[in-house]
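Number of protein chains: 2
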Amino acid sequence: MPAACSSGAAPGAFVAVDWGTSSFRGWLMSADGEALAESRGAEGMLHCSGAGFAPVLRDHLARLGAPDGIPILICGMAGARQGWAEAPYLKTPTRLDALHEGAIRVGARGDIRILPGVAQARADRPDVMRGEETQLLGGTDPDFTGLVCIPGTHSKWIRIEAGQLIEFSTYMTGELFSVLSQHSILAHAVEMAGQVPTKSQPFREGLATALAAPAGLTASLFRLRAAQLLGFEQRIDGAARLSGLLIGTEIADAVDRYGAPRSLRLIGTGSLGLLYEAALSKRGFDVTAVDADEASRGGLSRAAIDIWGAQF
Amino acid sequence: MPAACSSGAAPGAFVAVDWGTSSFRGWLMSADGEALAESRGAEGMLHCSGAGFAPVLRDHLARLGAPDGIPILICGMAGARQGWAEAPYLKTPTRLDALHEGAIRVGARGDIRILPGVAQARADRPDVMRGEETQLLGGTDPDFTGLVCIPGTHSKWIRIEAGQLIEFSTYMTGELFSVLSQHSILAHAVEMAGQVPTKSQPFREGLATALAAPAGLTASLFRLRAAQLLGFEQRIDGAARLSGLLIGTEIADAVDRYGAPRSLRLIGTGSLGLLYEAALSKRGFDVTAVDADEASRGGLSRAAIDIWGAQF
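Protein sequence lines, in the order shown, are assigned to chains Z and G. Under my numbering, the first residue of the first sequence carries the number 4, and numbering increases by one thereafter. Under my numbering, the first residue of the second sequence carries the number 4, and numbering increases by one thereafter.
Simulated from the structure, these hints should not be mistaken for laboratory data. It cannot be assumed that every hint is accurate.
Which copy? The list can't say, so a pair holds if one copy fits it or any two copies do.
What the hints assert, rightly or not - Taking lysine to any residue and the SDA-like style, the derived pairs with C-alpha atoms no more than 25 angstroms apart in a straight line are:
#, residue 1, residue 2
1, K285, A216
2, K202, L214
3, K94, F235
4, K202, W311
5, K202, R108
6, K202, Q85
7, K94, T272
8, K202, V258
9, K202, H50
10, K285, R98
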């Protein structure tokens with residue numbers, strides 16, 4: 004996919020940006036919530052903390068062919084303390100359609116706003132999100148009640164009641180996969196080439212192991228290496244098994260916390276989304292999958308209408 | 004402690020070496036199992052895979068003031084496939100006093116031998132150790148029955164019956180602490196300065212959290228960071244909480260596997276040994292602590308007598 008692609012048609016009503024820790028995703032949006040052009044890049048918060056946020060945004064606006072003075076709505080880590088400007092967290096419980104009320108304005112020119120994240124400010128279960136709250140807004144109906152899973156570097160499980168975000172938990176699943184396969188003894192046991200297919204036997208075994216005994220994760224991790232040393236498994240199967248172990252541990256704990264399997268909304272993307280869908284179905288969930296990019300755009304569009312009205 | 008220190012007295016009967024992944028510990032031993040001199044260094048297997056094992060050993064022998072031609076007995080990763088020469092694993096169940104039977108000879112001159120590790124060659128619970136089997140030999144009586152815990156980078160829990168190593172589990176506890184605090188988002192949340200005191204409140208809380216809900220580790224890890232972002236905890240407390248979470252998860256799973264609390268032998272050293280002793284006592288174990296270096300020397304001495312006889 005090219006970094007930017009445009010239909011070259013309508014002038015666009017606003018620009019939607021999901022600005023994460025390590026990525027930028029921007030879309031020129033029509034008034035009725037359609038993406039007219041897209042621009043993606045690796046200039047996430049970490050990059051911009053040094054290089055500055057405004058110049059990066061300017062470049063992407065040019066690639067999108069966005070007209071001067073177009074309103075811009077941003078979600079994600081750009082609103083963190085270490086981001087462009089801090090958009091203070093809303094606190095749980097909070098209505099998802101109240102996100103726009105916490106938006107802050109940034110930049111000297113034009114109308115650029117950043118949506119807030121959401122904090123669970125409880126000493127016993129402190130937690131934070133930035134970006135996922137906007138995906139929740141876009142990926143659920145206004146009166147949605149149920150459980151949502153958003154896989155990723157820091158996977159989120161969210162309980163929503165009648166459009167209100169009640170509580171959530173973050174799992175370091177994706178980051179553990181990456182850190183363990185790069186910096187631990189498992190670097191010898193995990194080949195990073197290619198994606199894990201959902202039907203992979205070691206993925207399914209890892210999943211079953213973790214679902215059955217999630218407390219044993221730190222031992223299962225070493226056994227992954229030992230199995231290869233002793234000739235029970237090949238290195239090529241390491242990534243799939245590690246993935247199964249980590250995703251299974253996450254799901255087992257989430258089930259413990261949020262109750263027995265039932266229908267679940269999955270806001271995911273690509274092969275990771277497919278792995279979670281397979282894993283959640285295996286555990287008995289009835290999964291409705293929503294594309295993560297669509298959810299981001301949908302949430303930004305709903306908040307944009309609340310901020311600027313439907314007429315723009 | 005200096006890299007080498009010698010009493011300068013007796014000539015010594017043999018040299019005992021515990022050669023790990025990232026460290027070398029050598030002792031000039033008397034015939035009755037006393038350490039006459041010690042030489043430690045960071046030239047572990049990883050270092051020697053490039054630089055060679057023989058020259059490193061030669062340097063340490065000189066520092067120890069070891070006489071020419073003295074017999075040398077080595078345990079640990081020097082006997083791994085990527086080590087000096089592979090000493091094939093003994094398989095569980097195995098008598099600890101059979102270790103010497105698996106020793107291999109290395110080097111062109113003198114009598115230098117490496118003890119084997121132990122493998123649990125079971126497809127459902129594959130596991131390996133190199134070095135700990137020697138500490139077990141030295142840290143338990145010949146007819147010992149019970150549970151042993153050896154904390155470290157890769158913590159071991161071992162079930163022994165009448166001097167026979169029946170089964171064991173390895174936990175990546177120490178490596179997880181190191182990798183997470185250096186390479187993950189927790190690098191912002193964990194200060195590495197100083198050691199964790201056993202009475203530390205965040206250590207005890209992390210321990211209690213993990214003992215109560217060990218399946219939730221990957222969520223607890225993120226909450227450690229979130230607690231600091233939300234002002235519930237200071238960065239200075241991060242290392243203690245992380246330590247408590249990881250050690251608690253290990254103990255909870257080991258209890259699941261090896262049964263209800265009872266007397267336990269702990270082969271540990273320094274502040275990590277103290278943390279485990281506090282944690283294990285908290286969980287209801289009656290702990291007998293053995294110094295890890297003494298256990299290594301003791302095991303090497305017992306095996307040396309089996310190899311060369313008591314007369315040397």
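Going down the list of hints, with the structure as the test:
When the C-alpha separation of K285 and A216 is checked against a cutoff of 25 angstroms, the pair qualifies both within a copy, at 16 angstroms, and between copies, at 23 angstroms. In this assembly of identical chains, the alpha carbons of K202 and L214 lie at most 25 angstroms apart only when taken from the same copy (17 angstroms versus 34 angstroms across copies). Taking the closest pair of Cα atoms, K94 and F235 come within 25 angstroms of each other only across two copies (15 angstroms); inside a single copy the shortest separation is 49 angstroms, beyond that limit. For a Cα distance limit of 25 angstroms, the shortest separation of K202 from W311 qualifies neither inside one copy, at 46 angstroms, nor across copies, at 55 angstroms.
Neither within a single protomer nor between protomers do K202 and R108 lie at most 25 angstroms apart by alpha-carbon distance, with minima of 47 angstroms and 47 angstroms respectively. In this assembly of identical chains, the alpha carbons of K202 and Q85 never lie at most 25 angstroms apart, being 40 angstroms within a copy and 34 angstroms across copies at closest. Proximity of K94 to T272 under the C-alpha cut-off of 25 angstroms is found in neither arrangement, the shortest distances being 27 angstroms within a copy and 45 angstroms between copies. Taking the shortest Cα distances, K202 and V258 sit within 25 angstroms of each other inside one copy (23 angstroms), while across copies they are farther apart (33 angstroms).
For the identical chains of this complex, K202 and H50 are neighbours neither inside a copy (36 angstroms) nor across copies (40 angstroms), given an alpha-carbon limit of 25 angstroms. Taking the shortest Cα distances, K285 and R98 never come within 25 angstroms of each other, neither inside one copy (31 angstroms) nor across copies (42 angstroms).
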